[in-house]
Amino acid sequence: MIKDITLGQFYQTDSVIHRLDARVKLGGTFLFLISLFMFRNPFGYALAIVFLAMVIRLSNVPFKYMVRGMKSIIFILAITVLFNLFMTPGNVIVSIWKLKITDAGLKNSIIMILRLSLLVTGSSVMTLTTTPNNLTDGLEKMMGGLKKIKVPVHEIAMMMSIALRFIPILAQETDKIMKAQMARGADFESKKLTKRIKALIPVLVPLFVSAFRRANDLAMAMEARCYRGGEGRTKMKPLIYADRDFIAYGVLILYFVVSVFVGRLKIMNF
Amino acid sequence: MSFLKTKDLTFEYIRRDDEGNVESVVTAVDNVNLDVHEGQFIAILGHNGSGKSTLAKHINAILYPTEGAVFVDGMDTKDKEKLWDIRQRAGMVFQNPDNQIIGQVVEEDVGFGPENMGVPTAEIWSRVEESLRAVGMYEYRKNSPNRLSGGQKQRVAIAGVLAMHPKCIVLDEPTAMLDPNGRQEVIRAVRGLNEVEGITLILITHYMEEIVHAHRVFVMDKGRIVMDGTPREIFSQVDKLRELRLDVPQVTMLAHELRKKGVDIPEGILTRKEFISEIKKLYGKVY
Numbered sequence: 000m001i002k003d004i005t006l007g008q009f010y011q012t013d014s015v016i017h018r019l020d021a022r023v024k025l026g027g028t029f030l031f032l033i034s035l036f037m038f039r040n041p042f043g044y045a046l047a048i049v050f051l052a053m054v055i056r057l058s059n060v061p062f063k064y065m066v067r068g069m070k071s072i073i074f075i076l077a078i079t080v081l082f083n084l085f086m087t088p089g090n091v092i093v094s095i096w097k098l099k100i101t102d103a104g105l106k107n108s109i110i111m112i113l114r115l116s117l118l119v120t121g122s123s124v125m126t127l128t129t130t131p132n133n134l135t136d137g138l139e140k141m142m143g144g145l146k147k148i149k150v151p152v153h154e155i156a157m158m159m160s161i162a163l164r165f166i167p168i169l170a171q172e173t174d175k176i177m178k179a180q181m182a183r184g185a186d187f188e189s190k191k192l193t194k195r196i197k198a199l200i201p202v203l204v205p206l207f208v209s210a211f212r213r214a215n216d217l218a219m220a221m222e223a224r225c226y227r228g229g230e231g232r233t234k235m236k237p238l239i240y241a242d243r244d245f246i247a248y249g250v251l252i253l254y255f256v257v258s259v260f261v262g263r264l265k266i267m268n269f
Numbered sequence: 000m001s002f003l004k005t006k007d008l009t010f011e012y013i014r015r016d017d018e019g020n021v022e023s024v025v026t027a028v029d030n031v032n033l034d035v036h037e038g039q040f041i042a043i044l045g046h047n048g049s050g051k052s053t054l055a056k057h058i059n060a061i062l063y064p065t066e067g068a069v070f071v072d073g074m075d076t077k078d079k080e081k082l083w084d085i086r087q088r089a090g091m092v093f094q095n096p097d098n099q100i101i102g103q104v105v106e107e108d109v110g111f112g113p114e115n116m117g118v119p120t121a122e123i124w125s126r127v128e129e130s131l132r133a134v135g136m137y138e139y140r141k142n143s144p145n146r147l148s149g150g151q152k153q154r155v156a157i158a159g160v161l162a163m164h165p166k167c168i169v170l171d172e173p174t175a176m177l178d179p180n181g182r183q184e185v186i187r188a189v190r191g192l193n194e195v196e197g198i199t200l201i202l203i204t205h206y207m208e209e210i211v212h213a214h215r216v217f218v219m220d221k222g223r224i225v226m227d228g229t230p231r232e233i234f235s236q237v238d239k240l241r242e243l244r245l246d247v248p249q250v251t252m253l254a255h256e257l258r259k260k261g262v263d264i265p266e267g268i269l270t271r272k273e274f275i276s277e278i279k280k281l282y283g284k285v286y
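Chains A and B, in that order, give the protein sequences.
With the first letter of the first sequence counted as 1, position 267 gets the number 266 in numbering that gives the first Met the number 0; the numbers rise by one all the way through.
With the first letter of the second sequence counted as 1, position 126 gets the number 125 in numbering that gives the first Met the number 0; the numbers rise by one all the way through.
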């Protein structure tokens, strides 16, 4: 059960988007998100939708995977829409009992739905087409400038990739410990919440102890293999820009400029 | 040529209380003198707590001697400037395969050592390929380590050390967590490295079957080396091994018991083949 956890939800297939440099995808996602908050009219959103649809097409990832990401935010989405719908002052269109729907409220909720769903779909395009490892590598390279103000960029990236490597191992271990405790009569399925929380303590304690032990072992193994921080280290799979990455950058900037320009025109303004 | 030399090596685990006063001192390694030549296959035996793992960690400069000195390829392990040279020349494989694999893909893990050493990218790839082939794991290079069996993981760990081009590999109970099949896999792989590539092996274990092919065996007890010789010399002293709470291989035991009952069979039989041929010598063909 716990073993099935997948993190980073990478979708294995081959496409132009998959082959793009992680830095391009990180930068692109960032630009896309910014653009969403700059639009003042519906045309901007229309452009964003068309652009995102094209990228999804190119990525060869089935559309249902994208929608899966939406499921997790449906609750947040519903709450924001409800608040916006009933709490925004303006001209009343419909009123049911004490609740009033205003024109401004309706507009706000539509914008909210658009923004949030584009936001989530846009970032899941990135995580679905980039391996977690590639993503940490890209982050490390992009944050390189922060080294000058003494941010331990390499160490952070190394910690992230080690954490990703150990998630399935620790999940398996949790499974094992839970089974061992269940064999001795522990009750994880009690209806009482307090009882269930209490039952977790004998799982967490051994899990933590073993995680520390593993960390100690791993540190020793890394040192034995000459690990001494990021300095003087070479890469087996270095990130090198190819022609397609420059083209992608061009396309992204073009999208950003055009969509923001169109999205801020003073027609049908919100 | 001598590769590893320890001179009166002593190591103490010192436990201190909150004020820094010494509470207890445990001498894990006590006055050990070793001399290992290049290309040798050395086995170090001992039951739990005999100090064999502590000794192993000195070879890779993870621990430093309390007294005495360790020389790896002529370099003193206390010399801080030589630290990385020593770690590159004497690679180390640990007991738990999960806790020493860093990469999320097999090939990336094998590349970790060379990356740390600053080897150029193109050479990393060639080293990774050659190391994975040497342990027979090349076809798994794109796999996630989590999907491999224990023996396979341990072979990946060995390849990871091999990619650093060491002269010597220290294996600290590499088979303790494996099933019999995995154990055989790993031992076969490291023996191949010793015979084909001439890499010095220092195998620390408590499984007797694994040391049958070693050139020299050291038996440790309470931090001291108590026996030293070829496997045959060691296994001829069944009673002494038992005193040290160590088992001997089944055939060796059988020969020993037969000898006690008056059968004229030599001590120190190591393999089943040897045993059969000795019996045939005594009784001819028996049907």
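To be clear, the hints were calculated from the coordinates, so they are not data collected in a lab.
For glycine and all other residues, C-beta sits at the position ideal for the given N, C-alpha and C.
Incorrect hints may appear among the rest.
Said to hold, decoys possible - Calculated cross-link-like contacts (lysine-lysine; reagent style DSBU-like; alpha-carbon spacing at most 35 Å):
#: 1; chain 1: B; residue 1: 56; chain 2: A; residue 2: 146
#: 2; chain 1: A; residue 1: 63; chain 2: B; residue 2: 6
#: 3; chain 1: A; residue 1: 234; chain 2: B; residue 2: 6
#: 4; chain 1: A; residue 1: 140; chain 2: B; residue 2: 221
#: 5; chain 1: B; residue 1: 79; chain 2: A; residue 2: 236
#: 6; chain 1: A; residue 1: 236; chain 2: B; residue 2: 6
#: 7; chain 1: B; residue 1: 166; chain 2: A; residue 2: 70
#: 8; chain 1: A; residue 1: 234; chain 2: B; residue 2: 221
#: 9; chain 1: B; residue 1: 221; chain 2: B; residue 2: 239
#: 10; chain 1: B; residue 1: 272; chain 2: A; residue 2: 146
#: 11; chain 1: B; residue 1: 221; chain 2: B; residue 2: 141
#: 12; chain 1: B; residue 1: 77; chain 2: A; residue 2: 147
#: 13; chain 1: B; residue 1: 239; chain 2: A; residue 2: 149
#: 14; chain 1: A; residue 1: 234; chain 2: B; residue 2: 259
#: 15; chain 1: B; residue 1: 141; chain 2: B; residue 2: 6
#: 16; chain 1: A; residue 1: 149; chain 2: B; residue 2: 56
#: 17; chain 1: A; residue 1: 146; chain 2: A; residue 2: 234
#: 18; chain 1: A; residue 1: 175; chain 2: B; residue 2: 260
#: 19; chain 1: B; residue 1: 77; chain 2: A; residue 2: 146
#: 20; chain 1: A; residue 1: 234; chain 2: B; residue 2: 279
#: 21; chain 1: A; residue 1: 149; chain 2: B; residue 2: 221
#: 22; chain 1: A; residue 1: 140; chain 2: A; residue 2: 265
#: 23; chain 1: A; residue 1: 175; chain 2: B; residue 2: 141
#: 24; chain 1: A; residue 1: 234; chain 2: B; residue 2: 77
#: 25; chain 1: B; residue 1: 239; chain 2: A; residue 2: 236
#: 26; chain 1: B; residue 1: 279; chain 2: A; residue 2: 236
#: 27; chain 1: B; residue 1: 141; chain 2: B; residue 2: 56
#: 28; chain 1: B; residue 1: 56; chain 2: B; residue 2: 81
#: 29; chain 1: A; residue 1: 147; chain 2: B; residue 2: 81
Unchecked claim - In silico contact screen, one side only, chain B against chain A (beta carbon under 8 Å); selected entries:
#: 30; residue: 61
#: 31; residue: 64
#: 32; residue: 65
#: 33; residue: 66
#: 34; residue: 101
#: 35; residue: 121
#: 36; residue: 125
#: 37; residue: 212
With the threshold set at 35 Å, check whether the alpha-carbon distance from residue 234/A to residue 77/B stays at or below it. holds (30 Å)
Are the Cα atoms of residue 146/A and residue 234/A separated by 35 Å or less? Holds, at about 18 Å.
Cut-off 8 Å, beta-carbon criterion: hint that residue 125/B touches chain A: With a minimum Cβ separation of about 11 Å from chain A (threshold 8 Å), the hint on residue 125/B is violated.
For the pair we were handed, residue 175/A and residue 141/B, check the Cα-Cα distance against 35 Å. holds (27 Å)
Would you check the hint for residue 77/B and residue 147/A, treating anything up to 35 Å between C-alpha atoms as holding? holds (33 Å)
Does the alpha-carbon distance linking residue 239/B and residue 149/A stay inside the 35 Å limit? Not satisfied, since the Cα-Cα distance of roughly 60 Å exceeds 35 Å.
Residue 140/A and residue 265/A: Cα distance at most 35 Å? At roughly 40 Å apart (the allowed maximum being 35 Å), residue 265/A and residue 140/A break the hint.
Agreement of residue 175/A and residue 260/B with the hint, judged by alpha carbon distance not exceeding 35 Å: Distance ~49 Å between residue 175/A and residue 260/B Cα, so the pair is violated.
Taking the least C-beta to C-beta distance, is residue 64/B closer than 8 Å to chain A? violated (17 Å)
Mind checking the alpha carbons of residue 77/B and residue 146/A for me, to see if they're no more than 35 Å apart? At roughly 32 Å apart (the allowed maximum being 35 Å), residue 146/A and residue 77/B satisfy the hint.
Below or equal to 35 Å on CA atoms is what counts here, so check residue 239/B against residue 236/A. Given that 35 Å is the threshold and the Cα spacing comes to 54 Å, the pair is violated.
Given the hint that residue 63/A pairs with residue 6/B, test it: the Cα-Cα distance must not exceed 35 Å. Violated, at roughly 67 Å.
Taken one by one, the earlier hints fail for this structure at numbers 2, 3, 4, 6, 7, 8, 10, 11, 13, 14, 15, 18, 20, 21, 22, 25, 26, 31, 32, 33, 35, 36, 37, listed in ascending order.
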